[in-house]
Each structure stands twice: as structure tokens, then as C-alpha cells.
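Chains C and R supply the protein sequences, listed in that same order.
All letters in the first sequence, in the order written, are residues 1 to 258 by our numbering.
All letters in the second sequence, in the order written, are residues 1001 to 1448 by our numbering.
Hint data in this document are derived by calculation from the structure and do not stem from the laboratory.
One or more of the hints may lead you astray.
As the list claims (entries may be wrong) - Incomplete in silico selection of chain C near chain R, CB under 10 Å:
1. S58
2. Y59
3. P109
4. A117
5. R118
6. V173
7. V175
8. Y229
9. K250
Predicted model, so just to flag it, every value in this text is computed and none were measured.
Yeah, the Cβ is synthetic: ideal placement off N, Cα and C, and Gly gets one too.
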Amino acid sequence: MKNIFFILLCVVLPGTVFASGGEHARLDAVHIDLNDKESLQRGARTFVNYCLSCHSASYMRYSRLGEDLGIRDELVKENLLFAADKPGELMKAVMPRDDARQWFGTAPPDLSLVARARGPEWFYTYMRSFYREDKSPSGWDNTVFQHVAMPHVLYEWQGEQRAVHRTVKHESVVVKDGKTVKKLSEEKVFDHFEIEKPGRMSTSQYDAAMRDLTNFMVYLGEPAKLVRYRVGVFVLAFLAIFLVVAWLLKKEYWKDVH
Amino acid sequence: MEKLLAWIDDRFPLTKVWEEHASKYYAPKNFNFWYYFGILATVMLVLQIFTGIFLTMHYKPDTALAFASVEYIMRDVSWGWLIRYLHSTGSSFFFIVVYLHMYRALLYGSHRQPRELLWIIGVVIFIALMAEAFMGYLLPWGNMSYWGAQVIISLFDAIPFVGPALAEWIRGDFVVGDATLNRFFAFHVIAVPLVLVVLVFVHIVALHKVGSNNPDGIEIKKKKDANGIPLDGIPFHPYYTVKDLVGVIVFLMVFSAVVFFAPELGGWFLEHDNFVPANILQTPPEIVPLWYFTPFYSILRATNTDLVLALRGIVVLAALVALFKARGLSRLVALGMAGALLAALFMLDAKVWGVLLMVGSLLLFFFLPWLDRSPAKSIRYRGWMYKLALAVLVLSFFILGYLGTRPAAGPNLIIAQVCTLLYFAFFLFMPWYTSIDKTRPVPERVTK
Chain C
1 MKNIFFILLC
11 VVLPGTVFAS
21 GGEHARLDAV
31 HIDLNDKESL
41 QRGARTFVNY
51 CLSCHSASYM
61 RYSRLGEDLG
71 IRDELVKENL
81 LFAADKPGEL
91 MKAVMPRDDA
101 RQWFGTAPPD
111 LSLVARARGP
121 EWFYTYMRSF
131 YREDKSPSGW
141 DNTVFQHVAM
151 PHVLYEWQGE
161 QRAVHRTVKH
171 ESVVVKDGKT
181 VKKLSEEKVF
191 DHFEIEKPGR
201 MSTSQYDAAM
211 RDLTNFMVYL
221 GEPAKLVRYR
231 VGVFVLAFLA
241 IFLVVAWLLK
251 KEYWKDVH
Chain R
1001 MEKLLAWIDD
1011 RFPLTKVWEE
1021 HASKYYAPKN
1031 FNFWYYFGIL
1041 ATVMLVLQIF
1051 TGIFLTMHYK
1061 PDTALAFASV
1071 EYIMRDVSWG
1081 WLIRYLHSTG
1091 SSFFFIVVYL
1101 HMYRALLYGS
1111 HRQPRELLWI
1121 IGVVIFIALM
1131 AEAFMGYLLP
1141 WGNMSYWGAQ
1151 VIISLFDAIP
1161 FVGPALAEWI
1171 RGDFVVGDAT
1181 LNRFFAFHVI
1191 AVPLVLVVLV
1201 FVHIVALHKV
1211 GSNNPDGIEI
1221 KKKKDANGIP
1231 LDGIPFHPYY
1241 TVKDLVGVIV
1251 FLMVFSAVVF
1261 FAPELGGWFL
1271 EHDNFVPANI
1281 LQTPPEIVPL
1291 WYFTPFYSIL
1301 RATNTDLVLA
1311 LRGIVVLAAL
1321 VALFKARGLS
1331 RLVALGMAGA
1341 LLAALFMLDA
1351 KVWGVLLMVG
1361 SLLLFFFLPW
1371 LDRSPAKSIR
1381 YRGWMYKLAL
1391 AVLVLSFFIL
1401 GYLGTRPAAG
1411 PNLIIAQVCT
1421 LLYFAFFLFM
1431 PWYTSIDKTR
1441 PVPERVTK
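Excised from the complex, chain C in its bound form (with noise of 0.2 Å):
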């Protein structure tokens, strides 16, 4: 009976210890809300002053993120506009595709889509993930995205911080020559980040900076959302409508079928 039991344990245990192995890094909440025009406007202008440098959004237009987002085109021009010419041109990046794929190994991605693709908590966490990693080529890694080619971009915002592991010990039975022998092993569990150099902004302020951010990539990601709802109550609304007076029509008609 009892050796039934160690053969039990011998086969669900490793399975355990497999699947808590291969998770995920947790990803964070972010709240999302595309009425903020001003969270929306300074996600903007993170993006083209740091972000735009590398990476294109290039299905969007300058003057379409003014139009959007309440901005002048005389001020698209004046603070936006360091990449291109006309405000109605599409969002290219300042570097050229090849240098970049020499500096960074890989050419870095569009952006225009990223926030579709992974998700808004994803590019959150992401974000806020990065950390030192002196075996890394860019001196930098990210918790998110293991082994990015990205470095830290905005380093001197949020500072620079280290992760800090745990170790997870797992014990496990294991049946040698007829005898159950308990086995150990450990793994390296990502716990926390510490700052160890503090950057301009606090935690929050730069949790707060990332949400604008984020909250934008999703505009950029679908910038018919911020009209697609105020449309589909209208469209609901008219066949609720539209509803009523054919079911009234409907029962007039059906009246004499029994």
C-alpha cells in the first residue's frame, strides 16, 4: 500500500514542480481610459522624444494624433514633429532600419500594433521591468522580455534598478535501488526590484508616467476607439428602436394566425 503511494508522489510531484517552472512573468494592472486627453497627450510626447528615436509607429499619422488628441497643428509642427517634415506623413523612426540592426543585433519593431499584439498590461509591466544586468550586451535585461536586446531607455527617469531573486526549494521523492530517497532542488524566482540608483522621478511618479504612456500605445494601437463606442450606442440605440415598431408591425399581422 505504502509503496503505491511513493509511486503516486513520484509520478504528480515532478509534474508540479514542471509546471510551476514554466510561468509567466505576472504582468500588472493599468488603467486604461482614452476620454484623459492630457494622460493621452503626455503618453504622446513621451513616445516621440524617446520612443520615436528608434522605433516607427508607421501606420499613423502626425496629423491624425493631433486631430485625435486635441493638439494644434501649429504645435504638431512645433513639438512634435522631429522626425518629419509635414504633419501629414506617417510616424518613421529617426534611425534607419539597418544601422539599427548593427547597433542592436535586431532591427527594432513597429510600434504602431504593440498594445494589440502583447496587451496594455504587458507593455506596462514591460516597462517598468527593466533592470542591470552586467552580462547583457546593453547592460541591461528586463524581467518581461528575457534577454531583450532593448536597453533601458528611460534609465534616467526611473533609475536604475536590480532584481532580486529568491530561492524556491522543491522537494521531491524519488525511488532509488527500492529505497525512497527525498530530493532537493532549487530554482532562482524572480521576487522584487530594488533601486539602487535613484533616477529624477519616485516610483509612483514614474508608475504614473508609464500609465500615460500605455494608455497612449493603446490609442496608437486603434485610434477608431475613441469613436467606435460613442457609434455603437447610437447604431443599438436606433434598432432598439427600429426593434419596437417591426415586433408592433409583426403583431398586427400575426393577429389572425391561430
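Guided by the hints, dock chain R onto chain C, whose structure is given.
The following block gives chain R in isolation, referenced to the frame of chain C:
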């Protein structure tokens, strides 16, 4: 006005057609909820063609431009996002409606005599629709579009001898590429839609010849009044035109709710990985077709050597049953078939069987009118066996559909294999369980 009508009627049978197919076309008066899905499928067909025309005006079938042209439609074309979402959500709703339309047939026996041909045309429409959706899904040239097409086309590789050449012929290249995109575009926007429209027309002509079935599964044409009008029939127009209008509006409300408030539907209607452009060097973590294909995709993936082993066992069992139960010629035929099947199960690869089972799971629908031996058509008068079998079919279809989106390993794989066997059991055991099932007497006239 009357003069104009007379003028036309002398040259074209306008009044005649109108009367035959609308004002004097008698439909059973007891249609319920399940009878909306025919008209809803027609609405979806028209909507897909209409929105498709406008998408074609801006879309570029070129591997270098396709992905960007879809984003151009989403951002720069006036109301382009609406047209695109109507089309992408529309394809999913088209399948929802068609699946429910087919389920209605299984509920009330709409595929049974005299509607066999109507049903067969319908199954052809269903298969054409799958081809249409599959080719349309490549067009946005997202990463899932690309890898989905790559996986499905490589299925043809499994066919012995001609497979690799056939797959290459379909792609027009060694990998899915520009040639593939262009031909899929041609098929998606003109060839298949043309076939679909003609088939739908023929489907309706066949329907109007035999008349609609109804939830009681009885023929209203058997009881007519002195004027030759079915006692339980009412003219399609105005009764069903006004009733269908209500159904169409309710449907459009559900449809609009998704289009405007959740066009991605959490990745079920628009997959997240398809917002990344096609990349030949980067396979998505899990290649998953859209939900309407996943039950069949699941059957394909569930077929491994274990399942083939199980199939061999089942065939041997069936042969033994035939040996003891059947007599004379039928015993010989059954044993011969079992022998041939067994030989095929030993000779062909599990991968080939995966493709065969997937194709078979679709082709079985064609035989449904002859597999069903029950004296009652409608589920209302059938016994518990058919009800149970139908419930098992629906359940395994849903489970297969869900598992098609998950990695096929571990318990998932075993569950998918069990559901695959249950799915086939519904069809293959049908002649047996429908003939011994205890039915209730079918009434003479329709009930409420």
C-alpha cells in the same frame, strides 16, 4: 402602375415569381426560434459581399503591402474601421448562424426525405464557406494568417505520392508567399463568392420546391383545404417577412454589440498574434486557426498512432459483430470492408489518417439523410437515444473546438481523442440507434 406591371409581366414573370415564392408560398405556421437562421445566413452573405467590395477598394494583395493596407483601412479610410470590423466579425457570425442552422436540421429532421437534396446543397455551401473563410484569413498577412495557411496547406503533403507536388501547386511556391496571397485573393473575392451565391440560390429553389419542414417534422402539404392551400400553412409574405424582420433586428443588435464594443472578442474573433505582420522566421507560440475551424483542427491533431491503434481495435470488434450477427451476402460485404479498412489502417501513416478523419468528419454530413432510420423526424417525438446522441455530438463538438485552441498534449490530447471517437459514433451508429429508439406517435397537424 398596373399598366407598368402588365407590361413587365408580358415580358418577365414578375407577378408569377412573387406569388410562387412570397405571397402564395405557404410556410408552416409553427416556426420557432430555430427558423430564423436561414434568413440570418442570407443577411450575413449579403453583408460580407457588400463590406468585401469596399475592402477590396483599399486592400493590396501584395506581401510587402498587405498588412499595411489593412492598417490603412483601419486608420486613414473614412469609416474603414467599421467596414473591416463588420467583415471580420461578420465571418464569425456567419459561422455561428450556419452552425445553428445545421443544428436546427438535426433537431427537427430537416435533412430527411423529401429534403435530402436540399440538405446536400447546404453541406456543399458549408464546405465552400470554409474554403472562403480559410482563404480570406490569409489576406491580412498577419503572422497567424501566414502560419495558419502554412500548416493547413502542408496537410496536403500527407497524401501519398502526389502530396508534396500538390501542396506546391496550391501555394505556387515552396513556401506560402506572394503567389499564394494573390491566388487566395482571387479565390476569396470572386471565385468562391460566385459559387456561394449560385449555391444559395439553388438551395432556396430546392427549399421552395419541397417546402419548409417545421418543429413537428410533419408535411403540411398532406392536409390541404378545398383551394389546395395547406391547412397549417400561411403565406410567406407578409407573415414571415414581418416576423423575420424582428429576428433580423434582434440579431443585428447582438452583432453590433460585438462590432462596436468587442470586435476582437478577447482574441476569439481577431487573434492577438495577427496584429504582428507575417514573419517567416518567427512561428507564433501556438498556431491556432479561428474558432470555427478548431473542432476539425482538433480531430486532425488528435489522430496519432494511439488513435489509429484504437481504430484498428474498433474495426476488429465490428468485424466480429458482423461475423456473428450478419448472414449471407451482407456478412461477406461487411467482412470485406473491415478487411480493407484494417489493411488501410496498417499501411497508411497516422498523419494521413488525421487528414482523412478531418475530411471524413465533414463528408459524413452528406450521408445523414440515409443514416437516420427513425420513423419520427422531429426530436419532439423521438426517444431518449437520439436526444442523448445529439447531446453527445454537441458537447464533443464544443470540447473539440476549445481544445483546438490549446496545445495538443497530455490530458488535452486524450480528451480530444475521446471526443473524436464520440463525434464519429454519432454518425456511424445512427442507423442502429435510430431504428431501435422508441418514438412517440407523430400528430396529424402541427402543434403550437
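Restraint: P109 (chain C) near chain R, CB-CB cut 10 Å. Satisfied or not?
holds (8 Å)
Answer holds if the nearest beta-carbon of chain R is closer than 10 Å to that of R118 (chain C); otherwise answer violated.
holds (7 Å)
Interface hint check: A117 (chain C), Cβ to nearest Cβ on chain R, cutoff 10 Å. Holds or violated?
Since chain R brings a Cβ to about 4 Å from A117 (chain C), closer than 10 Å, the hint holds.
Any CB of chain R closer than 10 Å to the CB of V175 (chain C)?
violated (23 Å)
Taking the closest Cβ pair, is S58 (chain C) under 10 Å from chain R?
holds (8 Å)
Classify the hint on Y229 (chain C) as holds or violated, based on whether any CB of chain R lies nearer than 10 Å to its CB.
Holds, because the Cβ-Cβ distance from Y229 (chain C) to chain R comes to roughly 7 Å (cut-off 10 Å).
Mind checking the CB of Y59 (chain C) against every CB in chain R and telling me if the closest is under 10 Å?
holds (4 Å)
Measuring from the C-beta of K250 (chain C) to each C-beta in chain R, is the shortest one below 10 Å?
Where the cut-off is 10 Å and the nearest Cβ of chain R is about 5 Å from K250 (chain C), the hint holds.
Would the hint on V173 (chain C) stand, with a C-beta cut-off of 10 Å toward chain R?
Where the cut-off is 10 Å and the nearest Cβ of chain R is about 22 Å from V173 (chain C), the hint is violated.
The structure fails to meet hints 6, 7 from the earlier list, while all remaining hints are met.
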